[in-house]
Amino acid sequence: MIESDVFVQAMQDMGVNFFTGVPDSILGGIIAELMNRRLYTPAVREDEAVGMAAGAYMAGKTPAVLMQNSGLGTSLNTLISLNVIYKQPCILIVSWRGQGGKDAPEHLVMGEVMPQLLDTVKIPHRTLTEKTAIEDFRWVAQTFMQQQIPVALLITKGVVKGLHP
Amino acid sequence: MAALLELLTDQPVIICNGFPSREAHKIADRSTHFYMIGSMGNAPAIALGVALAKPNKQVITFDGDGNVLMGMGTVATVGALKPKNFIHVVFDNEVYGTTGNQPTISNVVPLEKVAKSAGYVNVERVLDRDDLVYEFKDMLKKDGPSMLLIKVNEFVEDAGRVLHDPPDITRRFMKAID
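Quick mapping for you: the protein sequence lines, in order, are chains A and B. Mind the numbering: the first sequence is residues 41 to 205 in the numbering used here, read in order. Mind the numbering: the second sequence is residues 2 to 179 in the numbering used here, read in order.
To be clear, the hints were calculated from the coordinates, so they are not data collected in a lab. Errors might be hidden in some of the hints.
Here are the simulated DSS-like pairs of lysine-lysine, each with C-alpha atoms no more than 25 Å apart in a straight line [what the hints assert, rightly or not]:
| hint | chain 1 | residue 1 | chain 2 | residue 2 |
| --- | --- | --- | --- | --- |
| 1 | B | LYS85 | A | LYS127 |
| 2 | B | LYS142 | B | LYS83 |
| 3 | B | LYS58 | B | LYS143 |
| 4 | B | LYS176 | B | LYS55 |
| 5 | B | LYS152 | B | LYS176 |
| 6 | B | LYS117 | A | LYS127 |
| 7 | B | LYS143 | A | LYS127 |
| 8 | B | LYS114 | A | LYS127 |
| 9 | B | LYS55 | B | LYS152 |
| 10 | B | LYS114 | B | LYS176 |
| 11 | B | LYS114 | B | LYS142 |
| 12 | B | LYS27 | B | LYS143 |
Stretch-level coverage of chain B by chain A, calculated; a stretch enters the list once three of its residues show a Cβ under 8 Å from a Cβ in chain A [stated by the list, open to error]:
| hint | region |
| --- | --- |
| 13 | 19-30 |
| 14 | 71-83 |
| 15 | 149-155 |
| 16 | 163-171 |
Virtual Cβ for every residue (Gly too), placed ideally from N, Cα, C.
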């Protein structure tokens, strides 16, 4: 399991210096660490977070947005009618609720279709694992730089330490 | 809108989709303008991102009533974070203009009162040109966040679409506010 502070440090080492989003339990440890480091600006909806990140990007920051995968549905229009067409990159740190069909009912449909949904809207994505973490982070940074569109790093349960281990 | 643009110099202006972007583009096409063509409701969120990243620059957003209603949560976020360098101008014509003037609900929901309750420091509702010039000048001198709500008529003449390619708008805006 990756420690939350190691994850946040890796993001900072990549140059990420603007973090916003809407919480999820899987991301609880990361958000707590970001708040400790006074790096996190909370949003009330995921599309708002994506919009704030776009503004911060244009003002010179390297932004990341944290969200539960349900928030992908909420922010889809902003991602495609702002970020994709205007070439405004951001790093999406998305918790994969409903993966493998084991979660509360509201997460099951999105949990099953999320990879195909991201493929359909042409948002590159990769699932973080402890073993491949260094490579995963490198891929995120390269994709952000080269494609200038949102890139999603998917976080499954138990890969990064949460608030309640 | 022309009266407001005359009072601005090098401030970043994030302009919502629909007629506000088309009008601003027609009146004065400046590199400090970020014209939106999609992502309805997100203009103040983008402006907030710019304002937080550049706390020493005054950031303006031109918004519409339908847009504010759609992204009302961002009024709360701005009110809570209280960026001093944030001015939210709302052109309130009580309709969705580009889709055929269907009514919004801003005739019965006073958006500047929503902003005040959310924590905006200065809010004003104006009905005519003299008042709007006076109040906007005043807001440019004050710490925000501020909301200037301008009651306007329905846009009658189509100003034409924004002609720049979206990636060019991004590049031009980034260079201008750097």
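_Pairwise hint evaluation, LYS143/B against LYS58/B, where the allowed Cα distance is 25 Å at most_ = holds (13 Å)
*Is the straight-line distance between the alpha-carbon of LYS142/B and that of LYS83/B 25 Å or less?*
Holds, at about 16 Å.
*Can the restraint linking LYS143/B and LYS127/A be considered satisfied, given a maximum Cα separation of 25 Å?*
Violated: LYS143/B and LYS127/A sit about 34 Å apart, past 25 Å.
*Would you say the region 163-171 of chain B counts as covered by chain A, given the rule of at least 3 residues with C-beta under 8 Å?*
holds (count 4)
_Check of the region 149-155 of chain B against chain A for coverage (Cβ-Cβ below 8 Å, three residues minimum)_ = violated (count 0)
*Verdict on chain A covering the region 71-83 of chain B, where coverage means 3 or more residues with a C-beta closer than 8 Å*: holds (count 6)
*Hey, LYS176/B versus LYS55/B, does the alpha-carbon distance stay inside 25 Å?*
holds (14 Å)
_Given pair status - LYS176/B, LYS114/B, alpha carbons within 25 Å_ = violated (36 Å)
_Checking one constraint from the list: CA of LYS55/B to CA of LYS152/B, max 25 Å. Satisfied?_
violated (30 Å)
*Check whether three or more residues of the region 19-30 of chain B sit with their beta carbon closer than 8 Å to a beta carbon of chain A.*
violated (count 0)
*asked:* Between the alpha carbons of LYS114/B and LYS127/A, is the straight-line distance 25 Å or under?
replied: Not satisfied, since the Cα-Cα distance of roughly 36 Å exceeds 25 Å.
*Quick one, are LYS117/B and LYS127/A close enough, alpha carbons at most 25 Å?*
violated (35 Å)
Taken one by one, the earlier hints fail for this structure at numbers 1, 5, 6, 7, 8, 9, 10, 12, 13, 15, listed in ascending order.
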